[in-house]
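Engineer: With the hints as constraints, model all of the structure from the sequences given.
Protein chains in written order, with the working numbering: chain A, 1 to 259; chain B, 1 to 366.
Hint data in this document are derived by calculation from the structure and do not stem from the laboratory. Quick reminder that beta carbons are idealized off the backbone N, C-alpha and C, glycines included. Hints should not be assumed to be uniformly reliable.
Unchecked claim - The calculated lysine to aspartate or glutamate pairs, modelled on EDC-like cross-linking and capped at a C-alpha distance of 20 Å, are:
id	chain 1	residue 1	chain 2	residue 2
1	A	LYS48	A	ASP65
2	A	LYS48	A	ASP18
3	A	LYS48	B	GLU76
4	A	LYS48	B	GLU338
5	A	LYS229	A	GLU249
6	A	LYS160	A	GLU66
7	A	LYS229	A	ASP199
8	A	LYS229	A	ASP181
9	A	LYS74	B	GLU265
10	A	LYS235	A	ASP216
11	A	LYS48	A	GLU66
12	A	LYS160	A	ASP181
13	A	LYS2	A	ASP65
14	A	LYS74	B	GLU255
15	A	LYS48	B	ASP254
16	A	LYS160	A	ASP199
17	A	LYS160	A	ASP126
18	A	LYS74	B	ASP254
What the hints assert, rightly or not - Footprint (simulated), chain A over chain B, 3 or more residues, beta carbon under 8 Å:
id	stretch
19	241 to 255
20	259 to 265
21	299 to 306
Spelled out, the chains give:
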Amino acid sequence: MKPLMSFRNVSFGYGSLDVVQSASFDLQAGSCTALIGPNGAGKTTILKLAAGTLRSRSGSVILNDEPLHTLALKRVARTVALVPQQLDVPFQFTVREVVEQGRTPYLGFLRGLMSEDRTAVDQALDLADITGLQHRIFNELSGGERQRVKIALGLAQQPKLLLLDEPTQNLDIGRQVELIDLLHFLRAEGITIFASIHDLQLVEGNFSSVLLLSPDLPLMNGTPEEILKPSILEKAFNCPPRRHPLLLERMQHQVKRAG
Amino acid sequence: MPPLASAPQPVQKQAPETRPFDERLPKGRVGFVTLVSLLVIALVTVVLFSLATGAVRVSPRAILAALLGHHHPLTETQQIILLQIRLPRVLASAVVGAALAISGLMFQGLFRNPMADPYVIGSSGGAVLGACLGIFFFSQLSFLGFSATALLAFAGSVITMAIVYSLARSNGRTNVITLLLAGFAVSTMLGYSSYFFEILGNRSGSTQILLSWLHGVIGIPHWTQLSVTAALLLLAIVAAMPLMRRLNTLALGDEYAHQLGIKVEYTRVGIILTGSLLTAAAVSLGGLISFAGLIVPHVARLLLGPDHVRLLPVTALSGAIFLVVADTLARSVFAPTEIPVGILMAFIGGPFFLYLLRKTKRSYVL
Numbered sequence: 001m002k003p004l005m006s007f008r009n010v011s012f013g014y015g016s017l018d019v020v021q022s023a024s025f026d027l028q029a030g031s032c033t034a035l036i037g038p039n040g041a042g043k044t045t046i047l048k049l050a051a052g053t054l055r056s057r058s059g060s061v062i063l064n065d066e067p068l069h070t071l072a073l074k075r076v077a078r079t080v081a082l083v084p085q086q087l088d089v090p091f092q093f094t095v096r097e098v099v100e101q102g103r104t105p106y107l108g109f110l111r112g113l114m115s116e117d118r119t120a121v122d123q124a125l126d127l128a129d130i131t132g133l134q135h136r137i138f139n140e141l142s143g144g145e146r147q148r149v150k151i152a153l154g155l156a157q158q159p160k161l162l163l164l165d166e167p168t169q170n171l172d173i174g175r176q177v178e179l180i181d182l183l184h185f186l187r188a189e190g191i192t193i194f195a196s197i198h199d200l201q202l203v204e205g206n207f208s209s210v211l212l213l214s215p216d217l218p219l220m221n222g223t224p225e226e227i228l229k230p231s232i233l234e235k236a237f238n239c240p241p242r243r244h245p246l247l248l249e250r251m252q253h254q255v256k257r258a259g
Numbered sequence: 001m002p003p004l005a006s007a008p009q010p011v012q013k014q015a016p017e018t019r020p021f022d023e024r025l026p027k028g029r030v031g032f033v034t035l036v037s038l039l040v041i042a043l044v045t046v047v048l049f050s051l052a053t054g055a056v057r058v059s060p061r062a063i064l065a066a067l068l069g070h071h072h073p074l075t076e077t078q079q080i081i082l083l084q085i086r087l088p089r090v091l092a093s094a095v096v097g098a099a100l101a102i103s104g105l106m107f108q109g110l111f112r113n114p115m116a117d118p119y120v121i122g123s124s125g126g127a128v129l130g131a132c133l134g135i136f137f138f139s140q141l142s143f144l145g146f147s148a149t150a151l152l153a154f155a156g157s158v159i160t161m162a163i164v165y166s167l168a169r170s171n172g173r174t175n176v177i178t179l180l181l182a183g184f185a186v187s188t189m190l191g192y193s194s195y196f197f198e199i200l201g202n203r204s205g206s207t208q209i210l211l212s213w214l215h216g217v218i219g220i221p222h223w224t225q226l227s228v229t230a231a232l233l234l235l236a237i238v239a240a241m242p243l244m245r246r247l248n249t250l251a252l253g254d255e256y257a258h259q260l261g262i263k264v265e266y267t268r269v270g271i272i273l274t275g276s277l278l279t280a281a282a283v284s285l286g287g288l289i290s291f292a293g294l295i296v297p298h299v300a301r302l303l304l305g306p307d308h309v310r311l312l313p314v315t316a317l318s319g320a321i322f323l324v325v326a327d328t329l330a331r332s333v334f335a336p337t338e339i340p341v342g343i344l345m346a347f348i349g350g351p352f353f354l355y356l357l358r359k360t361k362r363s364y365v366l
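Structural biologist: Here it is as structure tokens:
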């Protein structure tokens, strides 16, 4: 199967600091990929490179067989949406007004929102399950509600690929589960998901593949079972063995299976 | 008193859609059509009353009849006072008010902050300094029908904006404290440079013109000047229309706007040019008038919400009303002495700005 997006030897850095070095991987259409790695490993940078917000220093990001940087901004924005970690809105926009901004790549120079745009906004609000919040002020919402608004904003772009930067951060466990359910639902709707995830316990069973980014290891791509091994995680996260409950639990699990 | 729950209730899963909230408008906001209609009525009323105010009193009804070309009881002297003295001045106030308010709206959107305004960030000061240079060195020159004074006012405004903007930007973000401090420093420098010209003017006799510019006096403009400035205002409004939707997107941040397909740099340049054109238009009629561009968009945003597309007409109308009222007060409260409307605006706007500063303290760092 042809991948939806491919990174081919992509390198990027800020100033003299290299963040991503010669990264190559594929995102299959319809997959649900978790991007994991320690703080500062460049997860956000990878997502921004995939969205075209940043341009690689060397190598190329390929979207549907075409290099991303050769495509018009609007065309990329109709295929790829990035849900950022943080969204600061300086004025008192309502939820609907925020989500309507997702239609920007479909608007002409003078043309405002048309009925098909309103339908797309309604659908996005419905998918993210926030139709009831649409006339509330964005800045007055809780963290979990804002997360859903940000996703609806991305969905209003009607993307094929949805990139999410730490979507479960700052959510309580109940809202985390709701968010994961939402991602499953979106995947069933045919949207490819690529999300950086901090909480490794959410990865297994919820994501079809895992991309591990670590300064100490080469980029690793595989199924959750292949990647989430204590031996790998210890090295990747530079975490002393048997000091973290997650690693302990996984080791016991392995022993049990072996026995 | 209602009885307290006797047993702990199982916690209901609170899905967002179960929350009752059906109102179309958030609390305290007014519908767009209602607001625009009210503002149009208010503007007409305010203009009529302003025309009626002055040493020679005329009833607003007679003025309306005269303006509409109906039979009216006005004497010839009254007609001359109305049409050649009061009407140009009232229209000039409306144009200045609308121009300042729209440029304030655009700069606030661009800087993502309700504290920006052409006066505060130095754009007006740049326009005044440019105009001073024009008065003193190139008073005879003109280009395509525009005087060198007007062109230099525009250039001064654009250059000041570019300087303040580049000072306030670092790593793709606008630091608001740097913005306000840079604006303050640049405004002060420009203000004193203009005073320098005022001293030079004492020798050459142009002091009166300069003083009225620095203090913000809406004089009685020549009809040609008024119509050119009104045309500039209309041009700027047309240019602003496609930018307004982009300002909404820019509110999400430059990076997000880029991700949504907005050409951020072009949009910024467009906003700075249009905002500076409006500032220069306002300055050419009324000189330095503080805070009008700050208060009007802010109040409009409270009533209507932050959608710039709908804010454009509302801000233009409110700005016009606000300045017509202010100028009428400026020329009638201490009659026969007129106080410059710029001074009156400083009295109203200063405290409002301080109030805003206190209120938005927490959202200082973006």
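Engineer: Against this structure, judge whether each hint is valid.
Structural biologist: Going through the hints against the structure:
1. A:LYS48 / A:ASP65: Holds, because 19 Å separates the two Cα atoms, which is no more than 20 Å.
2. A:LYS48 / A:ASP18: holds (15 Å)
3. A:LYS48 / B:GLU76: violated (72 Å)
4. A:LYS48 / B:GLU338: Since the Cα atoms of A:LYS48 and B:GLU338 sit roughly 59 Å apart, the hinted pair is violated (cutoff 20 Å).
5. A:LYS229 / A:GLU249: At roughly 11 Å apart (the allowed maximum being 20 Å), A:GLU249 and A:LYS229 satisfy the hint.
6. A:LYS160 / A:GLU66: holds (15 Å)
7. A:LYS229 / A:ASP199: This hinted pair holds, its Cα atoms lying about 15 Å apart.
8. A:LYS229 / A:ASP181: violated (25 Å)
9. A:LYS74 / B:GLU265: holds (15 Å)
10. A:LYS235 / A:ASP216: At roughly 7 Å apart (the allowed maximum being 20 Å), A:ASP216 and A:LYS235 satisfy the hint.
11. A:LYS48 / A:GLU66: holds (17 Å)
12. A:LYS160 / A:ASP181: holds (18 Å)
13. A:LYS2 / A:ASP65: Holds - the C-alpha atoms of A:ASP65 and A:LYS2 are around 9 Å apart, at most 20 Å.
14. A:LYS74 / B:GLU255: Between A:LYS74 and B:GLU255 the Cα gap is close to 14 Å, so the pair holds against 20 Å.
15. A:LYS48 / B:ASP254: holds (13 Å)
16. A:LYS160 / A:ASP199: It is violated: about 25 Å lies between the C-alpha atoms, which goes past 20 Å.
17. A:LYS160 / A:ASP126: Status holds; Cα separation ~18 Å.
18. A:LYS74 / B:ASP254: holds (15 Å)
19. 241 to 255: Coverage by chain A holds for the stretch 241 to 255 of chain B (9 residues, Cβ < 8 Å).
20. 259 to 265: holds (count 5)
21. 299 to 306: holds (count 3)
Of the numbered hints stated above, those contradicted by the structure are hints 3, 4, 8, 16, listed in ascending order.
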